[in-house]
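Can you make the complete structure from the sequences, with help from the hints?
Residue 24 is where the sequence shown starts when you use this note's numbering, and the numbers rise one by one after that.
To be clear, the hints were calculated from the coordinates, so they are not data collected in a lab. We put the beta carbon where it would ideally sit given N, CA and C, even for glycine. Check before you lean on any hint, since a few could be wrong.
As the list claims (entries may be wrong) - Label-pair distances were calculated between CB atoms; the ranges are:
no. : residue 1 : residue 2 : range
1   : Thr260    : Arg224    : 21 to 27 Å
2   : Glu267    : Trp298    : 42 to 48 Å
3   : Asn192    : Trp298    : 39 to 45 Å
4   : Ala295    : Thr260    : 46 to 52 Å
5   : Lys106    : Thr260    : 29 to 35 Å
6   : Lys173    : Leu303    : 21 to 27 Å
7   : Ala110    : Val313    : 34 to 40 Å
8   : Asn271    : Ala295    : 33 to 39 Å
9   : Lys209    : Glu84     : 33 to 39 Å
10  : Thr253    : Thr290    : 26 to 32 Å
11  : Asn271    : Leu303    : 45 to 51 Å
12  : Asn227    : Gly197    : 20 to 26 Å
To be verified - Quick list of in silico lysine-lysine cross-link-like pairs, DSS-like style, CA-CA up to 25 Å:
no. : residue 1 : residue 2
13  : Lys173    : Lys348
14  : Lys241    : Lys119
15  : Lys241    : Lys106
16  : Lys348    : Lys283
17  : Lys283    : Lys241
18  : Lys173    : Lys241
19  : Lys119    : Lys209
20  : Lys241    : Lys209
21  : Lys209    : Lys195
22  : Lys119    : Lys106
23  : Lys283    : Lys173
24  : Lys173    : Lys119
25  : Lys348    : Lys106
26  : Lys106    : Lys173
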Amino acid sequence: MVTYILAAIVAAGAFLVVLGVGQARRAAGGAEDFSDRVASYGGDAGLALASVRPTPQGLRESLNRLFQPAADRLGQREQKRGKPSLAEQLAKADLKLRTSEFVMIQFGLVILLVLLALVRFGFPGGIIPMLVAGVIGYFAPGFYVSFRQKRRLRAFNGQLGDTLTLLSNALKAGYSFAQAIDTVAKNGTAPIADEFARAVREMNLGGSVEEALNNMVKRVASDDLDLVVTAVSIHRTVGGNLAEILDNIAHTIRERIRIKGEIRTLTAQARASGWIITLLPIGLAVLLFVIAPNYFGPMTKNFIGYIMLGVAALMILIGNAIIRKIVAIEV
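Here you go:
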């Protein structure tokens, strides 16, 4: 038992070290980047700054160089599939991580779960649990990134109506559209203020308003924002009262959000039932497999048991898909 506990502690410690690499980079802040820039010029100052650099940062850079090729290949694979790159996905999720650090977290979680499965089930009897644990560890960070993206998109869309009103009021006060965007960046709240602040930086670096707004649409992937940017682009081509247009779009967006909220309220019970029906048998099977392997053994040691598990998984997926299709009401 002591051996098992020590193995679990070592595995958890290794994972936390890998996970803490990203935190070390953020804690280092601009001072580390400044040191890197100065050191790149060489000379005594660069050597002095490099010599006093803490060991964790050197470890971080070594790990980043080790995992960066894997991160690059993963990003290229996503782009070949027509999906955003890994860096873009992390930006959409508002995760301040390098792509190499994300791969490190993914690798650390796989190692942690595989070691826990090995400690619990042993070898060679725990080969299948180890494979399952490795698959879960590989895909879990991606699911978390997707969850963060959806949550940030909902927050962005929820703030968009008030933001358009603020833009409209700024235009009515005599501001230009670029100045109105800067007003939102300074007075708004995250996440919409962050995106508008980035658009302001792009315009300050020489980009046009249309380019900054189109880049924002690509980053956020919001249909409501796409509607706004399209209206602004048309206005800048043919002219008109932009403040009135923004007021009308803001009213439309608020009504859409209100209707979506009512639909989510009315379908909350069905959605909850779908997740319970899906996760309850899976959770119960995993629990029995962990606490009583002998009781659950016939399902994993006989061919008929594998067939029954496959049929059960297929029926669960079909039921979940049907429920999701019923409650998916587009507005």
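Inset, instruction - Could you work out which earlier hints the structure fails to respect and list their numbers in ascending sequence? - result: Every hint satisfied by this model.
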